[in-house]
Amino acid sequence: MKKLVGVAACPAGIAHTYIAAETLIKFAKQHGYDLKMETNGAGGTENRLTEEDIEEAEAIVLAVDTMVEMERFRGKPVLTVSSSDAIHRGEQVIQQIVDGKAEVYNP
Amino acid sequence: MSDIITQDLIALDVALADKAAVIGQIADLLQAAGRLKDRQRYIDDVYEREAMVPTGIGNQIAIPHARSAGVGESGLVFVRLAAPIAWNEDEQARLVFGIAVPDDNADNLHLKILANVAKKLLDDKIKQLIEESQSKQEILEALLA
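Those sequence lines, one after another, are chains A and B. For the first sequence, the working numbering gives the first residue as 6, with consecutive numbering after it. For the second sequence, the working numbering gives the first residue as -15, with consecutive numbering after it.
Hints listed in this document are in silico derivations from the structure and should not be mistaken for laboratory results. A hint or two may mislead.
Claimed, not checked - In silico DSSO-like pairs for lysine-lysine, Cα to Cα no more than 30 angstroms straight-line:
{"hint": "1", "chain 1": "B", "residue 1": "Lys21", "chain 2": "B", "residue 2": "Lys109"}
{"hint": "2", "chain 1": "B", "residue 1": "Lys120", "chain 2": "B", "residue 2": "Lys103"}
{"hint": "3", "chain 1": "B", "residue 1": "Lys21", "chain 2": "A", "residue 2": "Lys34"}
{"hint": "4", "chain 1": "B", "residue 1": "Lys120", "chain 2": "A", "residue 2": "Lys41"}
{"hint": "5", "chain 1": "A", "residue 1": "Lys41", "chain 2": "B", "residue 2": "Lys111"}
{"hint": "6", "chain 1": "A", "residue 1": "Lys106", "chain 2": "A", "residue 2": "Lys41"}
{"hint": "7", "chain 1": "A", "residue 1": "Lys34", "chain 2": "B", "residue 2": "Lys3"}
{"hint": "8", "chain 1": "B", "residue 1": "Lys21", "chain 2": "A", "residue 2": "Lys41"}
{"hint": "9", "chain 1": "A", "residue 1": "Lys41", "chain 2": "A", "residue 2": "Lys31"}
{"hint": "10", "chain 1": "A", "residue 1": "Lys7", "chain 2": "A", "residue 2": "Lys41"}
{"hint": "11", "chain 1": "A", "residue 1": "Lys81", "chain 2": "B", "residue 2": "Lys3"}
{"hint": "12", "chain 1": "B", "residue 1": "Lys104", "chain 2": "A", "residue 2": "Lys31"}
{"hint": "13", "chain 1": "A", "residue 1": "Lys8", "chain 2": "B", "residue 2": "Lys3"}
{"hint": "14", "chain 1": "B", "residue 1": "Lys120", "chain 2": "A", "residue 2": "Lys8"}
{"hint": "15", "chain 1": "B", "residue 1": "Lys111", "chain 2": "A", "residue 2": "Lys34"}
{"hint": "16", "chain 1": "A", "residue 1": "Lys34", "chain 2": "B", "residue 2": "Lys104"}
{"hint": "17", "chain 1": "A", "residue 1": "Lys7", "chain 2": "B", "residue 2": "Lys120"}
{"hint": "18", "chain 1": "B", "residue 1": "Lys109", "chain 2": "A", "residue 2": "Lys31"}
{"hint": "19", "chain 1": "A", "residue 1": "Lys106", "chain 2": "B", "residue 2": "Lys120"}
{"hint": "20", "chain 1": "B", "residue 1": "Lys111", "chain 2": "A", "residue 2": "Lys31"}
{"hint": "21", "chain 1": "A", "residue 1": "Lys31", "chain 2": "B", "residue 2": "Lys21"}
{"hint": "22", "chain 1": "A", "residue 1": "Lys7", "chain 2": "B", "residue 2": "Lys103"}
{"hint": "23", "chain 1": "A", "residue 1": "Lys8", "chain 2": "B", "residue 2": "Lys21"}
{"hint": "24", "chain 1": "B", "residue 1": "Lys104", "chain 2": "A", "residue 2": "Lys7"}
{"hint": "25", "chain 1": "A", "residue 1": "Lys41", "chain 2": "A", "residue 2": "Lys81"}
{"hint": "26", "chain 1": "B", "residue 1": "Lys96", "chain 2": "B", "residue 2": "Lys21"}
Said to hold, decoys possible - Just a few of them, taken from the derived set where beta-carbon distance is under 7 angstroms, the chain B residues facing chain A:
{"hint": "27", "residue": "Val37"}
{"hint": "28", "residue": "Asn43"}
{"hint": "29", "residue": "Ala53"}
{"hint": "30", "residue": "Lys104"}
{"hint": "31", "residue": "Leu106"}
Don't be surprised by glycine CBs; every beta carbon is placed ideally from N, CA and C.
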């Protein structure tokens, strides 16, 4: 199965983070992608992405309203949206990834 | 530690006019269940969070929430409205989940439960149940399963 990884994070870290993650996973599955989402919530980081996860992923999707560790994604295609966009437009967000719209992170 | 949501924290098919009334009702239910230390503080923090990003998540579901010094013990309120109200400019809400978490963050178990509940709201079967069920117990069980 084709792989994607991502991170979700929101200001309070008690609801949107998880809904955004779940929404993206759902739509990724419909496109035949296995999406692993790290959640940076108030309870800490769960489902942390490993180097291997990132290496194997075709692209990275970030559904974040706060800062996340970016250095680990250097050289990979990254698409960044807000948690709210991921929740309301999850299907389009995944479509953009599938269409290769994510840009390589190389600051 | 109390359960995060109990039957006392569920109100079904209540007629409320607007968002302010819904948030007031959520605070009242939390207060009556002894979960708040400072009702107004909690309400203020909920509005502050709404101002950052409104908490409508589509499908007529809204999840106003705050980590707040006004909260004594975490709680989850479910208010099902008799009729949908305007939640944001372009979004209506009928199924409203009010979330209260203390700001000291010590309550990790409750945060995990809330994360699970949040995921469940995307499940069509559970959504249908919470839309239609007349049994608070059934709704509780579906949310916490």
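Evaluated hints:
A C-alpha spacing of about 36 angstroms is found between B/Lys21 and B/Lys109, which places the hinted pair above 30 angstroms, so the restraint is violated. For the hint linking B/Lys120 to B/Lys103, the alpha-carbon distance of about 20 angstroms falls within 30 angstroms, and the restraint holds. Between B/Lys21 and A/Lys34 the CA atoms are separated by roughly 43 angstroms; this puts the pair beyond 30 angstroms, and the hint is violated. For the hint linking B/Lys120 to A/Lys41, the alpha-carbon distance of about 34 angstroms lies beyond 30 angstroms, and the restraint is violated.
This hinted pair checks out: A/Lys41 and B/Lys111 have alpha carbons roughly 24 angstroms apart, not beyond 30 angstroms. As the CA atoms of A/Lys106 and A/Lys41 are separated by approximately 19 angstroms, the hinted pair is consistent with the 30 angstroms bound. Among the hinted pairs, A/Lys34 with B/Lys3 is inconsistent with the structure: their alpha-carbon atoms are about 35 angstroms apart, more than 30 angstroms. Restraint check for B/Lys21 and A/Lys41: the C-alpha separation of about 38 angstroms exceeds 30 angstroms, so the hint is violated.
Distance check on the hinted pair: A/Lys41 and A/Lys31 sit about 11 angstroms apart at the alpha-carbon level, within 30 angstroms; holds. Between A/Lys7 and A/Lys41 the CA atoms are separated by roughly 11 angstroms; this keeps the pair inside 30 angstroms, and the hint holds. Taking the CA atoms of A/Lys81 and B/Lys3, the gap is about 42 angstroms. The hint is violated against a cut of 30 angstroms. Between B/Lys104 and A/Lys31 the alpha-carbon distance is near 12 angstroms, which keeps this suggested pair within the 30 angstroms criterion.
Taking the CA atoms of A/Lys8 and B/Lys3, the gap is near 41 angstroms; set against the 30 angstroms cutoff, the hint is violated. Taking the CA atoms of B/Lys120 and A/Lys8, the gap is near 40 angstroms; set against the 30 angstroms cutoff, the hint is violated. Distance restraint check for B/Lys111 and A/Lys34: the Cα-Cα separation of roughly 20 angstroms lies within the 30 angstroms cut-off, and the hinted pair is therefore satisfied. For the suggested pair A/Lys34 and B/Lys104, the alpha carbons sit about 17 angstroms apart, so the restraint of at most 30 angstroms is met.
Straight-line distance between C-alpha atoms of A/Lys7 and B/Lys120 comes to about 42 angstroms, which puts the hinted pair past the 30 angstroms bound. The hinted pair formed by B/Lys109 and A/Lys31 meets the criterion: a straight-line CA distance of about 15 angstroms does not exceed 30 angstroms. The suggested pairing of A/Lys106 with B/Lys120 is violated, with an alpha-carbon distance near 45 angstroms, which exceeds 30 angstroms. The suggested pairing of B/Lys111 with A/Lys31 holds, with an alpha-carbon distance near 16 angstroms, which does not exceed 30 angstroms.
A hinted pair counts as satisfied when its Cα atoms are at most 30 angstroms apart, and A/Lys31 with B/Lys21 does not qualify at roughly 38 angstroms. With a C-alpha separation of about 23 angstroms, the suggested pairing of A/Lys7 with B/Lys103 holds against the 30 angstroms cut-off. For the hint pairing A/Lys8 with B/Lys21, the CA-to-CA distance comes to about 46 angstroms; that exceeds 30 angstroms, so the pair is violated. Proposed proximity of B/Lys104 and A/Lys7 is supported: the alpha carbons are some 25 angstroms apart, at most 30 angstroms.
Using a Cα cut-off of 30 angstroms, the hinted pair A/Lys41 and A/Lys81 holds, with the two alpha carbons roughly 15 angstroms apart. The hinted pair formed by B/Lys96 and B/Lys21 meets the criterion: a straight-line CA distance of about 22 angstroms does not exceed 30 angstroms. Nearest Cβ of chain A to the Cβ of B/Val37: about 5 angstroms, under the 7 angstroms cut. The hint holds. Checking B/Asn43 against chain A: minimum C-beta separation of about 10 angstroms lies over 7 angstroms; hint violated.
The closest approach between the C-beta of B/Ala53 and any C-beta of chain A is roughly 14 angstroms, which is over the 7 angstroms cut-off, so the hint fails. With a cut of 7 angstroms, the hint placing B/Lys104 at the interface with chain A is violated, because the nearest CB-to-CB distance is about 9 angstroms. The restraint placing B/Leu106 at the interface with chain A holds, with a minimum CB-CB distance near 5 angstroms, inside the 7 angstroms limit.
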